[in-house]
Amino acid sequence: MQDTLQTLVGGLSLGAVYALVAMGFSLVYRTMGLVNFAHADIAMIGAYAASTFYLTSQLPFAVSMVVAIVITGVIGLVIERVLRPLENKDFDLMLIGTIGFGIVLQALAIIIWGTTGRAVPSPLDSAPLDVFGIRVRTYDLLVMAVAALAVVSLAYFLSRTKRGAAMQAVAMDHEAATAVGIDVGRSNALAFAIGAGLAALAGGLVGPMLYVDASLGGALGIKGFAAAMLGGFGSIPGAVVGGIAIGVLDSYAAGHFQGYSVLVTFLVFTVAIMVRPMGIFGERTVSRA
Amino acid sequence: MPRSSRPSAPRTALAAAIALTAALTACSAPGESDSDTGSGSGPIKIAVVNARSGQLSSLGDWEYKGAKLAIDEWNDKGGINGRKIELKSFDDQGDPTAGTNLARKIDSENYIAMIGTAESAVTIAMAPVLQQAEIPNITSGQSDGLVALKSPFLFLNGPTSTTYDTTLAKYLIQDKGYKKIAMITNNGSFGKGEHDAFAKAAKDLGVTPVTDQVVTTDQKEFSAALTAIRSKKPEVVFIGSEEVEAGLIVKQARELGITVPFAGAAPQGTPVFIDTAGKEAAEGTIVSSPYLSNDISPAAQKFAAAYEAAYDEEAELHGAKAYDGATILLTALKNSDVATGKKLADAIRATHHDGLLGQFRYGPDGVGITRTTIGVIQDGKLVEQK
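Taken in order, these protein sequences are the chains called A and B.
Here this note's numbering is used: position 208 in the first sequence is 196, and no number is missing along the way.
Just add 7 to the spot in the second sequence (first one is 1) and you have this note's numbering.
Chain B on its own, in the form it takes in the complex (with noise of 0.2 Å):
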């Protein structure tokens, strides 16, 4: 590589390195001043953290527009106490080190409570951070990794990857009768779960995969594991992996030829999912989520009526969470008077809501859920199997 003789050279380009990057991150807002949240006055200061850029944005992008709904709709209402709630989005990029310079943001600044992140593997990094500064945090997040880190102040909006894939394992063996199950899941920390959820549950009843392929999370190219799958001959694939990378797998795979259906837990049900692999591709699809469609009870309509009202889109599943994530925390922050730390926690432990998932009810793991449907993907909509 060509070099600069002159000694300054280094200095100068470090100079304009720094520059360049001040420049660019001039745009993001400064830092805010502390004011007295945890007293009983001002804001009551809420932040979403979530994926705002990258592959996973539209994740962040349906979670954060979920959580906002229902704190617009509560301070339509008057708010807490006659106190305003004040949403704040932070971008971690889905990036866990992001994540955790956030945390540490979060709780220099005073928030009493954090939404988000839609990815374990993000709020994996966070929970130490948060757990020390007693911030809760409602995650939407399914990883049973996130449960094994026992702490009080980590609570899943959703059911975990173990509820969704033993549902989905009895529906495939024990309901359709598929003996030869073949998996793809990527190495990243919900795949990773998913993973081992599937194979576990599977395992108990009686069936191993006849093929494990592993991808990596930012893979796009999927020819190798996919010939290795269909020349197993598989009834069924099992797919662990996120939105985007869950279509281009099912996308490659019709195009060499694999003419099974997939199965997989919530990714596969959302819209990114059946664009991304095509309508054609993606029918068929058999998944295991705890909100199939907007028309499943009339809160679900009133929800999706509201969302589209206010964003012009349809809700899907990941709104649908934040949505009652974040009406759990309102309600905790209601019931306990606009507690903080420990107090805020066992209030929202406490909290028993009906909400859009099915009916929450804390256990001291965090998990609020513990029951999943089956739907099947038809004329690339989402209908419930019954």
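Isolated chain A (complex conformation) (with noise of 0.2 Å):
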């Protein structure tokens, strides 16, 4: 039982990671019905961005994860305005270049860090909890914490902001949002530099816990993709329920079958997708092109 409980913490902070990413993923794809190929390597940018920042120039933890998130945040509308002239005409070349801009990031990070990866020492110190024999690490509680802080302000402000609902509307129609008003370059603009954000967020969270280098993305790229669609591609709920089934299920398939662990996670994804294509909370997926 002890086992068990300790499995399931360990499952649930790098759950709270794939919620994160697979939050991005899915909020650009419910904006633009495009898949960020490049997201995951955005995440890996903004771990190096934040390890940079909290390890060399010593600049606190919090300090560091918001510069890393503006500067991924800015990378996201580089990315979404090099994209534009192909929006509404080649969905495909879009998705290509995105795959492309995930390999520029890697070799780019290559180029700025080097192939060495580096290992973040946790920024909180103080002893794990001993809470009935389960040891809770207070680090993973700050991870918790801080998704589910992302989680509910992103929630706020996609049905309570004005600028929210508008990109709301662009998911919906863009035709009728532009007819009203509605600017959908800036809108989609928002969503790629939100996403990336998260993917920073999620990055810099990460790096404490795992190790930071250039294939961090690919680590982390796969299970929250596996995370957005197991939860419903495009659902923000379902990303943050997505995220914390593929963590937990990840460990508790290393507790029971051990070397095979990975091939049983993505067993146990397919034949959840095969019986619910839609995912959890699938919704009707938007189309656009």
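Everything labelled a hint here was simulated from the structure, so no lab data went into it.
Ideal Cβ placement from N, Cα and C applies to all residues, glycine included.
Hints may contain errors.
As the list claims (entries may be wrong) - Label-pair ranges, simulated between beta-carbon atoms:
hint, chain 1, residue 1, chain 2, residue 2, range
1, B, K239, A, M266, 39 to 47 Å
2, B, G387, A, A115, 50 to 58 Å
3, A, L112, B, V390, 40 to 48 Å
4, B, V390, A, V263, 51 to 59 Å
5, A, A115, B, K239, 19 to 27 Å
6, A, I100, B, E391, 50 to 58 Å
7, B, P305, A, L(-7), 53 to 61 Å
8, A, V92, B, A317, 45 to 53 Å
9, A, L65, B, K240, 48 to 56 Å
10, A, T44, B, H359, 22 to 30 Å
11, B, T215, A, L112, 37 to 45 Å
Said to hold, decoys possible - 25 Å max Cα-Cα, derived DMTMM-like pairs, lysine to aspartate or glutamate:
hint, chain 1, residue 1, chain 2, residue 2
12, B, K227, A, D113
13, B, K95, B, E80
14, B, K286, A, D113
15, B, K186, A, D(-9)
16, B, K239, B, D203
17, B, K72, B, E320
18, B, K349, B, D114
19, B, K239, A, E163
20, B, K286, A, D118
21, B, K177, B, E315
22, B, K240, A, E163
23, B, K393, B, D182
24, B, K341, A, D113
25, B, K227, A, E163
26, B, K227, A, D118
27, B, K240, A, D118
28, B, K388, A, D113
29, B, K187, A, D(-9)
30, B, K91, B, D102
31, B, K95, B, E315
32, A, K150, A, E163
Both chains come to you apart, so use the hints to assemble them.
What follows is the structure, encoded as structure tokens:
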């Protein structure tokens, strides 16, 4: 029982990170109908940026995170600006474009930070809490709290602010949105920037848990993408549920199937998607081209 | 997923993808023309193949630096028979498939010998091609799988996992009297080799591990495996994985409240392991290694000073291994009057070299060293355990 709970705790904190990655995927998808394949590599850049400001410039961790989010937000804006001429014209090229951006970002990371990655020490050095024999890292609690805060803020932004409502309108019908005077380009740019910021949040938070190197995007991306699919692509609550589900599933699979854990995780995922192709919170998907 | 209705879109997408790939690979060197390295003129071409990108790139970096140091020293002394030695580095990204492609490339570009790789899996993947092409290869891999290939063109520049782990098991079980040993290894080529070698060595001494956890090579979160280990209350935990992963395992184990020492082979003696785990978490780690420190012999001190002067960083095991391997290859080239193929392989086998790691005396299996020493990490440094 104790082992089961301990495994659950381990899965939850990584699940929270996957949820953040999935949210970024979903936000861009629901607004533009586009899967941003550069998303995971933006998270990797965010992780590197946060760790650089934290370790090299000795800024406080929270400040480093904010700087990293701003940097990736700008990267998101650049990507959107480059892809904008293709909007509503050629989605395949846009997809390839995002893949290309991902490769460019990896190459950039190697040029800037070199090939060897770095281990980031935890910003909280208080001892792990001991709850009835279950060790809970204080940093894990911080990650979960920040992720929860991000979810609430994003939900509030989308449903309660004018900008957010405009983005929802664009997602539903971009022609009608244009007719009532909403700037679709700006709405898309905002979606990309927020998505990229979420990626940096995920990457920056995961740095002290894992190891930051140019391949970090691969590890985060595939799980984050699976989480978004499982939850229902485009759905924000789906991203949260999917992320936590993948994190916990992964953790239990590692406990029971050891070396075959990745295989088991994705087998379960595949079966789930076959049973419910729309995902848990599947909505009618956006189709724009 | 939204699709464009225009029929030409996939083709455009494909063209764009090809153009992109071409643009990204354009910076790599163009194929070099075949020169007559086999005959008696021109530079002697030696390939170094290693991971120069990705999680294992630090290994590749050390190995390249060690090999280059040896070759630069020989070139400064005038090369071999008046011919310069030309070293070229190839990036296998730690990937066996990329390695196999490189093996063919090395063959077609007439390299007469190869140094590397630091990873058993990649070396094993490359070995058949190199054997067929009769290109001798001095690897830094240590998996017993390398020996099992029985390739007469494959040589190890250090001990095998069996040597590392037999020494370690003897120390843990006989000297320290540990009976409850937990194991955590990864399912990659190195980890599997370590797993089998240590499990066998422990069994021969009458100890069965209390738990045997296997993780994947790209896993970064180990709470499930570590929780299982913690519940068995072991006296020591054996790790069989590469530097970064081993560091993450130790870091997370300490956070989960596992306080017993960890033990392992070469990767646990490196600065990358200590940095990743954190100095406090790595304290007390027991390491079996043929090269514990730069102060162990006058030769090691000289090597460490040269390494420091050339690269402005501290030398460690992998650089030393590659330096030894490169020196053996160069000595064999000199002794055989720059032979190639089978003759060169025979010359390597016949080379007796008193190197940084010990006395190399190659057997028919391609193994030249069969001894390691036990060290313990104290204050972030590996020191010999007497």
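How the hints compare with the structure:
no. : hint                         : in the structure
1   : B:K239 x A:M266: 39 to 47 Å  : holds (43 Å)
2   : B:G387 x A:A115: 50 to 58 Å  : violated (21 Å)
3   : A:L112 x B:V390: 40 to 48 Å  : violated (31 Å)
4   : B:V390 x A:V263: 51 to 59 Å  : holds (57 Å)
5   : A:A115 x B:K239: 19 to 27 Å  : holds (23 Å)
6   : A:I100 x B:E391: 50 to 58 Å  : violated (39 Å)
7   : B:P305 x A:L(-7): 53 to 61 Å : holds (56 Å)
8   : A:V92 x B:A317: 45 to 53 Å   : violated (33 Å)
9   : A:L65 x B:K240: 48 to 56 Å   : holds (54 Å)
10  : A:T44 x B:H359: 22 to 30 Å   : violated (48 Å)
11  : B:T215 x A:L112: 37 to 45 Å  : holds (39 Å)
12  : B:K227 x A:D113              : holds (20 Å)
13  : B:K95 x B:E80                : holds (16 Å)
14  : B:K286 x A:D113              : holds (14 Å)
15  : B:K186 x A:D(-9)             : holds (23 Å)
16  : B:K239 x B:D203              : holds (21 Å)
17  : B:K72 x B:E320               : holds (11 Å)
18  : B:K349 x B:D114              : holds (14 Å)
19  : B:K239 x A:E163              : violated (63 Å)
20  : B:K286 x A:D118              : holds (23 Å)
21  : B:K177 x B:E315              : violated (34 Å)
22  : B:K240 x A:E163              : violated (65 Å)
23  : B:K393 x B:D182              : holds (11 Å)
24  : B:K341 x A:D113              : violated (56 Å)
25  : B:K227 x A:E163              : violated (45 Å)
26  : B:K227 x A:D118              : holds (23 Å)
27  : B:K240 x A:D118              : holds (17 Å)
28  : B:K388 x A:D113              : holds (23 Å)
29  : B:K187 x A:D(-9)             : holds (19 Å)
30  : B:K91 x B:D102               : violated (31 Å)
31  : B:K95 x B:E315               : holds (22 Å)
32  : A:K150 x A:E163              : holds (18 Å)
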